[in-house]
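Enquirer: Residues 1 to 145 (the numbering used here) are what the sequence shown spells out, left to right.
Among these hints, one or two may not hold up.
Now the in silico label distances, taken between C-beta atoms and shown as ranges [said to hold, decoys possible]:
1) Cys132 <-> Thr62: 27 to 35 Å
2) Gly39 <-> Leu68: 51 to 59 Å
3) Thr105 <-> Gln74: 44 to 52 Å
4) Asp109 <-> Leu143: 30 to 38 Å
5) Ser123 <-> Leu75: 34 to 42 Å
6) Thr54 <-> Ser125: 28 to 36 Å
7) Thr54 <-> Arg137: 30 to 38 Å
8) Lys115 <-> Ile86: 19 to 27 Å
9) Arg136 <-> Ala97: 31 to 39 Å
10) Ala51 <-> Ser125: 39 to 47 Å
11) Leu33 <-> Thr54: 25 to 33 Å
12) Arg137 <-> Gly39: 48 to 56 Å
13) Arg82 <-> Asn56: 23 to 31 Å
Calculated from the structure, these hints are not laboratory results. Ideal Cβ positions, reconstructed from N, Cα and C, are used throughout, including at glycine.
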Amino acid sequence: MLPFGVSETGSNGFAANSRLASQTCLADDANALSAAADGLQALVHLASEFADNTANLAARLTEPDRVLELAGRQLAGLADSRRQFIRASEHLDSVVAKAAAVNQTRIVDAQEADKSLVVARVSRSNIIKIRCSSCRRVFRVYLNK
C-alpha cells in the first residue's frame, strides 16, 4: 500500500492518480477564479458607487454658489423694479397734488386731473404687480434649494 497521493506509475510514466489530481487542481483553480471574479466585481461596484457619491457631493458643494449667483442676477432686476416703483409713486404723488390744486369750477381741468390720476394709479398698480412677481421669483430661488 502506497501513502496517500502516491501511486504506481503506468506505462506512460505518469502516476495513475495524476488525472484525478489534475482534475481537483482545475476545480480548485475554477473556484479560486470564481471567487476572484466575485471579489473584483464587488470592488468594481464599490468603486463605481464611490464615484457616484463623489459626483453627488461635488454637485451639492457647488449648489450654494449656483443659488447665490442666480439670486444675485435676480437682485439686480429687483433694484430696477424698485426704481420704477419709486418713480411711479412719486409721479402718483405729483398727480394727486395737481388734482388737489385744480379749481373745481373748471370742469374740463377737473376731468383731466381725474383721468391723469386714474392713469397714474393704474401705472403704479402695474408696477407693484411686476415688483411683487420679481420678489416672488427671488424668494423661490431660496425656497427651492
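Enquirer: Now look at each hint and say whether the structure bears it out.
Expert: A quick look at each hint next to the structure:
| no. | hint | in the structure |
| --- | --- | --- |
| 1 | Cys132 <-> Thr62: 27 to 35 Å | 31 Å, holds |
| 2 | Gly39 <-> Leu68: 51 to 59 Å | 45 Å, violated |
| 3 | Thr105 <-> Gln74: 44 to 52 Å | 51 Å, holds |
| 4 | Asp109 <-> Leu143: 30 to 38 Å | 50 Å, violated |
| 5 | Ser123 <-> Leu75: 34 to 42 Å | 24 Å, violated |
| 6 | Thr54 <-> Ser125: 28 to 36 Å | 52 Å, violated |
| 7 | Thr54 <-> Arg137: 30 to 38 Å | 33 Å, holds |
| 8 | Lys115 <-> Ile86: 19 to 27 Å | 23 Å, holds |
| 9 | Arg136 <-> Ala97: 31 to 39 Å | 32 Å, holds |
| 10 | Ala51 <-> Ser125: 39 to 47 Å | 55 Å, violated |
| 11 | Leu33 <-> Thr54: 25 to 33 Å | 31 Å, holds |
| 12 | Arg137 <-> Gly39: 48 to 56 Å | 53 Å, holds |
| 13 | Arg82 <-> Asn56: 23 to 31 Å | 38 Å, violated |
Of the numbered hints listed earlier, those contradicted by the structure are 2, 4, 5, 6, 10 and 13.
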